[in-house]
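> For chain A, the structure is supplied; the task is to place chain B on it using the hints.
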Amino acid sequence: MSSEHINPDKCIACTICQVHCPVAKVTPNFLGPRLIGPAYERFRLLDVAEEESLHYCANCKNCDIACPQGVAVSTLNMVARCEYTEKNGGKLRDWVLSHGGFLADVFKYIPTWMKNFGMHNPATRLLLDAIGISKKAPIPKFDKHFRLVCKKLKQPKLDKKIVYFPGCYVDDYDYSIGLDMIWIFNQAGYEVIVPEQFSCCGLPLVSNGFMKDAAKNAAKNVAVIKEYQEKGIPVVTGCPSCSLMFKKDVPEMFPEVVYDSYKGGVMDAQEFLMGCVERGELSFAGKTSEKSIIYHSPCHLRAQGIGLPSIDLIEKLTSIKVQNAQAGCCGISGSYGFKKEKYQIGMEVGKELFDTIKNSNYDIVTTECGTCQTQIKHGTGQRAYHPVTVIRKLIENK
Amino acid sequence: MRHNDILIVGAGMAGLMAAVTAAKSGASVSILSEGAGVISIGSGAVDFLGYINGKKITDNPFDHLLKLGEEHPYNIIGAENIKNAFASLMEISKANGYEIKMNEDGINQTAISIAGTTKPTYICSESNNASRILKAKKILFAGVEFLKDAQPALAVKQAKQYKVFADAEINSALLKSPFGKTHRVLNSLDLARYVDKEEGFNWLKNELAKAAVGYDAVIIPPICGTVNYTKHFKELQNLGFVLVEAVSIPPGVGGYRLRNALINEAKKLNVKFIENCNVQRAVIENGKCKSVTALHNNIAGALETEYTADKFIIATGGVIGGGIAATPDKVYETIFNIAIDSPVSVEERSDKNVFGSHLFTRFGVKVNSKLQALDSKGSLLYDNVFFAGNTLADYDFPTEKSGYGVACSTGYTAALSALASE
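In order, the protein sequences belong to chains A and B.
If you read the first sequence in our numbering, its first letter stands for residue 1, the second for the next number, and so on.
If you read the second sequence in our numbering, its first letter stands for residue 1, the second for the next number, and so on.
Just so you know, the hints here were simulated from the structure itself, not pulled from any lab data.
Some hints could be false.
Here are the computed distance ranges between Cβ atoms for each label pair [said to hold, decoys possible]: (1) Glu70(B) <-> Glu278(A): 41 to 49 Å; (2) Ala209(B) <-> Glu290(A): 49 to 57 Å; (3) Ile131(A) <-> Thr182(B): 27 to 35 Å; (4) Gly381(A) <-> Val354(B): 55 to 63 Å.
So the derived list for chain A, only partly shown, Cβ under 8 Å to chain B, looks like this [stated by the list, open to error]: (5) Pro8; (6) Ile16; (7) Pro28; (8) Asn29; (9) Asp64; (10) Ile65; (11) Ala66; (12) Ala123; (13) Thr124; (14) Pro251; (15) Lys263; (16) Gln326.
The C-beta atom is built at its ideal place from N, Cα and C for all residues, glycine as well.
If we strip away everything but chain A, and leave its shape as in the complex, we get (with noise of 0.2 Å):
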């Protein structure tokens, strides 16, 4: 497989990303995608300086998704910071905010309360906000480790495997998506493979500026992956950022740990389940409740191109309709918008999809992302859920 090569000059400077930006929407302090992706890269191709704006990009792909030209503009702004950061140090809280995988494991054979005291007591949320966490930011409350959970839970003997990327979100803060995710498989007839082995996929530590640690990650995941891949049993996400991370980052980052036939290594989960649904693998019969449901689609999955299967996969398996609310970018993009500098910035980008939710009256929320969820929560006040928590919920109709 050949890494694609980012060539500034595919950019035709037209100025779409500029106007699909949710940063540069909200704020003029930030230069743009078009001008801190290709126009800098020229600058940094001649070693003369570094944009100081650069800090301001989410990593959110909208301007990968906006653009005609094929330019992987998110990525020259990730590696560009990843460059600066290693020459200039990175901050201890970008340093804090970009290792929760790795805190979490080190951390998750304390009980839960107590990671929960430690984190969530006033005194260390002042101490975070000094380092620049900012105190109003909806920082996820740790939960049981999925990983430690998934050991002890017995699954069904089943002919057919599937490897489950859980990603962070689920083994630390919300192990009940990693338990639905593994309901649903057991119920399409897959046993679900949870493999020990696997890291954070490293997108908080590219979008952070530690490349070093973010190719880490890669190696030992992608190593994962290719066992497995060579067993022909697929890997499944349920989270749209780390599968974006191995089908794009990883490849354009780190074309190195790829082989032929990695073919973007990991599948969104709610695709694959669409596939079983088509083979005939997964249905429930009966009626559903009658609620109404309202779809947010996380940036970083429509960067997939794929479109939003999860909409297809509930409507398929409840027969309720859902509204694709289809209001934009929430605003919180992983850890940016916990980032004292940027929490504002992070609520404004968010608002049209916090009315949007607000203003309309719907019974659920869904969205696939973790931390579009507590986002959502903080600014709505209406907790989000994952569509397959959704589909258990409604099937099981608790």
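Okay, now just chain B, sitting in the frame of chain A:
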């Protein structure tokens, strides 16, 4: 594999128009797209036909269609389809918060650019219609401090060269910027978004009231809002002078408003968008297209998804948009690999005069009246595939000023043909 009644490739003017037209009849419609489509950065003015062979059309463009030759898309689909398409576009746009209109007598309207040049256009917003100020005696061309895209002093110099403005006194002025100097140089869209807010609207109203004393007409960059444009522009017309928004270089704001309207309509009609993918090829069985295959997030070596449909509408653009590829040895349509006649010498593909009529702009797929592709012998290629927009052959939109006119009317007609076919 995903199935739709109608699958559209391309989310520009032709693709969106096809989508909303098809979905309105109850068909299930999905759009595959790479990039957000050029509408969002354009002026939003819909040109129909401004020039033929370099000569400006001053009366009804419909009376000149036959001069374009029978292979021109307008003559392939016919005047009735064009009229209906325009009526439909205006209706959709108005219903979704952005009113665009044509001249009551059916003649071209005049738009003025932020550089002071004029151009004929057919359908545009009231604010973009500069025909309204052609009789004004005292005109102010106003820019905004730090808005580098608009240089009113230069624009005045340019505008004074036109006969229509010969008798008018035209002056320039700069409105005070609401932001002062900013890190990113502001563009018209930044200001239009600011004007959407009440605070921004008050800024614009006050600045205009101050600057416009003694003028009959004021021309400003397109900054009267995006989502709240209609409401705001209406109120600004009560200030005692005729207000015109110039059409701008990208981001042109008017196009952003128009795209929002079309996307909004598509949302109401349940059109599904599959963004950021690149359609690589089609599967043909017994003269019918069975499916097209799209590469995820446009990365070589990534996964692909196969999409089936009963009918396909291809609106992937021309040489610039990527629907047509031109290499030194051949020119071809990129999904179905349809060969397109071109001169052996690459030099003959373009005109020496950069503003002249270039042959490459005419490269495209030859079609019948249903917009189905024909091979070089004139035989039908595929039953259930319809082409629209700049993927079509035999028109030169830059010199004709016919870009969105062809895109809108052929997108509309392609949808009707698809709906009517077996």
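> Of all the hints given earlier, name the ones this structure violates by number, lowest first.
Checked against the structure, the hints that fail are numbers 5, 12, 13, while the rest are satisfied.
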